[in-house]
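The listed protein sequences derive, respectively, from chains S and F.
The first sequence lines up with residues 1 to 325 when you count with the working numbering.
The second sequence lines up with residues 1 to 407 when you count with the working numbering.
Calculated from the structure, these hints are not laboratory results.
Ideal Cβ placement from N, Cα and C applies to all residues, glycine included.
Wrong hints could be hidden among the right ones.
Subject to a maximum C-alpha distance of 16 Å in a straight line, what follows is the list of computed EDC-like cross-link-like pairs (lysine to aspartate or glutamate) [to be verified]:
1. LYS256(F) to GLU40(F)
2. LYS314(S) to ASP354(F)
3. LYS306(S) to GLU40(F)
4. LYS314(S) to ASP368(F)
5. LYS306(S) to GLU379(F)
Take a look, some chain F residues computed to stay more than 10 Å from chain S by CB distance [what the hints assert, rightly or not]:
6. ASP16
7. THR31
8. GLY36
9. GLN45
10. HIS138
11. HIS145
12. GLY171
13. GLU187
14. LEU305
15. GLN314
16. LYS383
17. ASP389
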Amino acid sequence: MPTMNMLQAINNALDIAMAEDDKVLCFGEDVGIFGGVFRATSHLQEKYGRSRCFNTPLVEQGIIGFANGLAAQGSVPVAEIQFADYIFPAFDQIVNETAKFRYRSGDLFNVGGLTIRAPYGGGISGGLYHSQSPEAYFAHTPGLKIVVPRNPYQAKGLLLAAIRDPDPVLFFEPKRLYRASTGEVPEEDYQLPIGEAEVTREGSDVTVLGWGAQMEVIERAVELAEKEGISCEVIDLRSILPWDQDSVVESVLKTGRLVITHEAPLTGGFAGEVAATVQERCFLYLEAPIARVTGMDTPFPLTLEKEYLADHLKVFEAIKASVAF
Amino acid sequence: MTTTQEIHSPTFLTGDELSIPTFRLLKQDGTLYDGGEAPELSREQALKIYHSMVATRVLDERMMAAQRQGRLSFYMQCTGEEAAVIGATAALDDADMIMAQYREQGALVYRGFSYDEFMNQLFGNELDYGKGRQMPIHYGSRKLHYMTISSPLATQIPQAAGYAYGQKLAGDELCTLCFFGEGAASEGDFHAALNMAAVHEAPVIFFCRNNGYAISTPSIEQFAADGVAPRAYGYRMHVIRVDGNDILAVLAATRKARRIAVEQNKPVLIEAMSYRLAAHSSSDDPSGYRSKKEEEAWREKDPILRMQHWLVGQGWWNDDEEKALQESLRREVLETMKRAEKRPPPPLDSLVSDVYADVTPTLQRQLDQLKRHIRQYPEAYPKGARSLDPDVKARDDASDAHAQEGE
Chain S
1 MPTMNMLQAI
11 NNALDIAMAE
21 DDKVLCFGED
31 VGIFGGVFRA
41 TSHLQEKYGR
51 SRCFNTPLVE
61 QGIIGFANGL
71 AAQGSVPVAE
81 IQFADYIFPA
91 FDQIVNETAK
101 FRYRSGDLFN
111 VGGLTIRAPY
121 GGGISGGLYH
131 SQSPEAYFAH
141 TPGLKIVVPR
151 NPYQAKGLLL
161 AAIRDPDPVL
171 FFEPKRLYRA
181 STGEVPEEDY
191 QLPIGEAEVT
201 REGSDVTVLG
211 WGAQMEVIER
221 AVELAEKEGI
231 SCEVIDLRSI
241 LPWDQDSVVE
251 SVLKTGRLVI
261 THEAPLTGGF
271 AGEVAATVQE
281 RCFLYLEAPI
291 ARVTGMDTPF
301 PLTLEKEYLA
311 DHLKVFEAIK
321 ASVAF
Chain F
1 MTTTQEIHSP
11 TFLTGDELSI
21 PTFRLLKQDG
31 TLYDGGEAPE
41 LSREQALKIY
51 HSMVATRVLD
61 ERMMAAQRQG
71 RLSFYMQCTG
81 EEAAVIGATA
91 ALDDADMIMA
101 QYREQGALVY
111 RGFSYDEFMN
121 QLFGNELDYG
131 KGRQMPIHYG
141 SRKLHYMTIS
151 SPLATQIPQA
161 AGYAYGQKLA
171 GDELCTLCFF
181 GEGAASEGDF
191 HAALNMAAVH
201 EAPVIFFCRN
211 NGYAISTPSI
221 EQFAADGVAP
231 RAYGYRMHVI
241 RVDGNDILAV
251 LAATRKARRI
261 AVEQNKPVLI
271 EAMSYRLAAH
281 SSSDDPSGYR
291 SKKEEEAWRE
301 KDPILRMQHW
311 LVGQGWWNDD
321 EEKALQESLR
331 REVLETMKRA
341 EKRPPPPLDS
351 LVSDVYADVT
361 PTLQRQLDQL
371 KRHIRQYPEA
381 YPKGARSLDP
391 DVKARDDASD
401 AHAQEGE
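Build out the structure end to end from the sequences listed, making use of the hints.
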């Protein structure tokens, strides 16, 4: 089985989707001959032509509006927003249009073919505007699906599922992992389920939940905890919307403890939603308060990025505190 | 207001009826075009402009090299566009507001931002006015009327219209000049800005640096029209297209635009035609999307050499002065870089300040929690741990006060 980094896995998934279905189009700023600023769309224009893989003018609201129109017509657009930090000019198109197309027309029309890809997350010295994790803004929008892969294998399988999903999907790619994360990825076509979490490590003392690049952080924290004799169950949520309540609840009923971590700020972050649901469904089984290890309630900094980030040491401390409560 | 002229057969217009000329004064050899008249320019101001152009070029070359050496996380050059940026700035009153995109450090050089000030921002140290929060090149100076840079493209364009409208209401006879690229002009914010500025008669100069590329995307894939200039007609706005590598033409055009803005309260669009000679940024490699030959052709039109030839023709500049200037600037860049690199990072408290005017109780709790955590693992957070040393804390407070004085 070949080894790929996350960019290669994404490029491979796009290649498979475009080869299989002429209706699949890839476009966005610099995605044409250049292959995108991170090269996720490398060689797709050469292979499939300028009418199916192209540069757009520099206008995010236009890119997503155009993509909504294409999807309504029956095409399968995979639109790239260069950085998740720059998705906000398209917020109206995503929140008021993409998410509500099917509902408002009584299913006469839909934009289910749409996938929006965006590099996201921090840890690359990107400062305020090349680091944000905006999943929670969109998680407040019924009608969208939101997926975040943790490694190359997951990225390929989840992206192919997103492109073929009957609903529009926001696919956030942890850019810190683009080249840093490598692993075995099958050449052939495969899909991984949207809306299902994955237990990546079984344990009995505490459940540790995250998604995307935080999964590596969790792994490091859990290794420290295991050395202290704490048995951790690790869950990759994978889909933020819809999220797999049953898997998380099942784990917490077993361990009685939950630590949730994400890069985005604490207040209004998706960990709050998970915590509220888990306390409703597991109240009498909880042995410690549900802990959230997140970014601070500030914009994303630069020089003090390391201090700001929800790193493995902060997650480790939260695990210990939960167990010792 | 719409025109009332009627026709009685369906005749479409395409915009091709309009042909927008390019205003040029200076040939590459430093002589003027026939019929062209140089704007009034003292020897002193001419040399200040030239000095600023060279100082910008030297800074850019050295800092890109520093980025390649791993001393700096990121950099962006103004290379090739110095005449457009500095010529426009030189046409303004020093108290006029400048709202730039990110490639306009030449404007700051002209207004007197020192190499030390540049370096403090580039290295995000304790003296950076932005407190080490933004990526390199996101400068700002209240003293020099230069709005702090924001990475999201085009957001400053409608803000410039609003800022200028406020200047008009305040009656201070100033204007705002807004820089942006031809790529950013595709954003919705550009269109909103021009329309609002025209409707509300804001004294704003929209200065488009058409440098041919938005990262890898050439302008022919950015718009089907004849550049950005024709859009002004759609908003009933004064417009001029100028050779952006021609310092005299940019200066003359922007001076006139400023008079229209300030005296008539009307917005103006300037489209300066130039070329981004360097990569988009230190993260970019243009060899993937354009030819060396194309770059060479534009190198022949270097705006700094063009002005140098003109200055020599005026008898205001010679080779010895050029050599001395280059040497002193190079020395100064190296010295200031070394100073800035050695300076400590901003204090830990700067993580939570300025989110609001006052630190909220929630943020204070988060900071306290972070401090407890860092005390547990000081070796994992050397920058933050430094702030927790009581002696260092006292010194940080002192240098904070110093930084604020310099703003």
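Against the structure, the hints:
Using a Cα cut-off of 16 Å, the hinted pair LYS256(F) and GLU40(F) holds, with the two alpha carbons roughly 12 Å apart. Note on LYS314(S) and ASP354(F): the hinted pairing is violated, with a Cα-Cα distance of about 24 Å set against a maximum of 16 Å. Straight-line distance between C-alpha atoms of LYS306(S) and GLU40(F) comes to about 53 Å, which puts the hinted pair past the 16 Å bound. For the hint linking LYS314(S) to ASP368(F), the alpha-carbon distance of about 14 Å falls within 16 Å, and the restraint holds.
The straight-line distance between the Cα atoms of LYS306(S) and GLU379(F) is roughly 12 Å, inside the 16 Å bound, and the hint therefore holds. Non-interface status of ASP16(F) relative to chain S is upheld: no Cβ of that chain comes within 10 Å, the nearest being about 20 Å off. Here THR31(F) stays apart from chain S, with its beta-carbon at least about 38 Å from theirs, past the 10 Å limit. Against the 10 Å criterion, GLY36(F) stays outside the reach of chain S, whose nearest CB is about 34 Å from its own CB.
The non-interface label for GLN45(F) is consistent with chain S: the shortest C-beta to C-beta separation is roughly 35 Å, beyond 10 Å. Separation of HIS138(F) from chain S is inadequate, the least Cβ-Cβ distance of about 7 Å not exceeding the 10 Å criterion. With a closest Cβ-Cβ approach of about 22 Å to chain S, HIS145(F) is found to remain outside the 10 Å limit, as its non-interface label requires. With a least CB separation of 34 Å from chain S, GLY171(F) remains clear of the 10 Å interface cut-off, as annotated.
The claim that GLU187(F) is not at the interface with chain S is violated, since a C-beta of that chain comes within 10 Å of its own (minimum 5 Å). With a cut of 10 Å on Cβ distances, LEU305(F) stays outside the contact zone with chain S, its closest approach being about 30 Å. The Cβ of GLN314(F) lies farther than 10 Å from every Cβ of chain S, with a closest approach of about 40 Å, so its non-interface assignment holds. Residue placement check: LYS383(F) does not keep its beta carbon more than 10 Å from all beta carbons of chain S (closest about 6 Å).
Here ASP389(F) stays apart from chain S, with its beta-carbon at least about 15 Å from theirs, past the 10 Å limit.
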